[in-house]
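Residue-level listing of the chains:
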Amino acid sequence: ETGVTQSPTHLIKTRGQQVTLRCSSQSGHNTVSWYQQALGQGPQFIFQYYREEENGRGNFPPRFSGLQFPNYSSELNVNALELDDSALYLCASSLGRVNSYNEQFFGPGTRLTVL
Amino acid sequence: AQSVTQLDSHVSVSEGTPVLLRCNYSSSYSPSLFWYVQHPNKGLQLLLKYTSAATLVKGINGFEAEFKKSETSFHLTKPSAHMSDAAEYFCVVTGSYIPTFGRGTSLIVHP
Numbered sequence: 001e002t003g004v005t006q007s008p009t010h011l012i013k014t015r016g017q018q019v020t021l022r023c024s025s026q027s028g029h030n031t032v033s034w035y036q037q038a039l040g041q042g043p044q045f046i047f048q049y050y051r052e053e054e055n056g057r058g059n060f061p062p063r064f065s066g067l068q069f070p071n072y073s074s075e076l077n078v079n080a081l082e083l084d085d086s087a088l089y090l091c092a093s094s095l096g097r098v099n100s101y102n103e104q105f106f107g108p109g110t111r112l113t114v115l
Numbered sequence: 001a002q003s004v005t006q007l008d009s010h011v012s013v014s015e016g017t018p019v020l021l022r023c024n025y026s027s028s029y030s031p032s033l034f035w036y037v038q039h040p041n042k043g044l045q046l047l048l049k050y051t052s053a054a055t056l057v058k059g060i061n062g063f064e065a066e067f068k069k070s071e072t073s074f075h076l077t078k079p080s081a082h083m084s085d086a087a088e089y090f091c092v093v094t095g096s097y098i099p100t101f102g103r104g105t106s107l108i109v110h111p
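These protein sequences, in sequence, are chains P and H.
Each residue of the first sequence is one higher than the one before, starting from 1 at the first, in my numbering.
Each residue of the second sequence is one higher than the one before, starting from 1 at the first, in my numbering.
Hints in this document: simulated from the structure, not taken from any laboratory.
Quantities reported herein were computed from a predicted structural model and do not represent experimental measurements.
We put the beta carbon where it would ideally sit given N, CA and C, even for glycine.
Each pair of labels, with its calculated beta carbon distance range:
hint : chain 1 : residue 1 : chain 2 : residue 2 : range
1    : H       : Lys68     : P       : Gln41     : 20 to 30 Å
2    : P       : Ile12     : H       : Ser9      : 27 to 37 Å
3    : H       : Pro18     : P       : Arg15     : 46 to 56 Å
4    : P       : Asn30     : H       : Tyr29     : 16 to 26 Å
5    : H       : Ile60     : P       : Gln41     : 18 to 28 Å
6    : H       : Ser9      : P       : Arg57     : 26 to 36 Å
7    : H       : Gly16     : P       : Thr9      : 30 to 40 Å
8    : H       : Lys69     : P       : Thr20     : 37 to 47 Å
9    : H       : Thr5      : P       : Leu11     : 25 to 35 Å
10   : P       : Arg63     : H       : Tyr29     : 26 to 36 Å
11   : P       : Asn30     : H       : Thr72     : 24 to 34 Å
12   : P       : Glu52     : H       : Thr5      : 31 to 41 Å
13   : P       : Arg63     : H       : Ser70     : 36 to 46 Å
14   : P       : Arg15     : H       : Tyr29     : 34 to 44 Å
Where chain P lies over chain H, by a calculated footprint (3+ residues, C-beta under 8 Å):
hint : region
15   : 40 to 47
16   : 97 to 111
Chain H on its own, in the form it takes in the complex (with noise of 0.2 Å):
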């Protein structure tokens, strides 16, 4: 069984500030792990992916992740928020070829 919780249903930041999504997950598997990001009317970009190789992640745009098992963990971080990176973001856990998907974080960027 997994589970994937998004701690913040709504996440409102200024233009420059940094950015912090959180994601707790539960695994009966080894865990991998996936950030994706839903802009309005496109489709889902994979962020980055964590899968057993080192525990800090980057991706795209800036953005990065740390694994913390002890923690059951994988935030999503960025230094620095942009107008453009408001959107809907999930977090993703995968074991057996079933994916489990966050409710989702909306991020609001103020400028």
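Chain P with its partners taken away, still in its complex shape (with noise of 0.2 Å):
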């Protein structure tokens, strides 16, 4: 059984640029959420895919959007970037949509540094 990837490790952007980050979900789960985790503070959820569409979302401005694929697989994108956008940001894939029960497994994230 494959784990939650991402891609990449790392990243380095320029205020204003775009950007796109990759997460492959464990499989034979449906659904995939995105969260960002600036230093020292807990993760703070971006929003959350559903059979390929977004099915809840949390504060984040609508320059943050994705994608679900039919694979369950997701991107994130992120345009006009501004410093405060970097921050580790974690992919976590569950069986069926967050909720009181199901659990979500963390991939190891994609630390963003944006200068």
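Put the complex together from the two separate chains, hints included.
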């Protein structure tokens, strides 16, 4: 059984650029969630994709967008990068939507630095 | 609305002594609560979860947590700390598909 993988591991961008982060969910999982973890903080929920549709969104602006593909892998896109977007971006997969019962399995994250 | 407060940013213990990591929550929903652990350069791992069954929840690696509705708390405990327990611990409340993480507690274990 393959766990959650994310690419790239690290990324450096400049302010105003756009970035795409990728996530492969654990085998059999149909839900992917994305989180932003700033240094010294807990992860903040960005959004969740369930069966290729956005299903739940945290307090993030529209320049944070995503996709989920038929194989349940996912992309996180961030446009017009700002310095405050520098963070560890975590992807988590689960069988079913994030709710009271479903355990999430996390990837190791992508470290994004915006200069 | 929901929120999580982890009362200690750092907890320092000696190996073999008990561990207590404190978490208070608020939620408009009937809450489900989780504890996750994050070791350096590794993904978050679920320790245990409360989903309205037994109030005392047992997890992996000897950890357990007790849900106390009257105190809105979900504290994590372990009878005897091991060096490998040193990590960042996060308390999470989930309602209506939006999980909210606490800021984390760094557990330091001294030999």
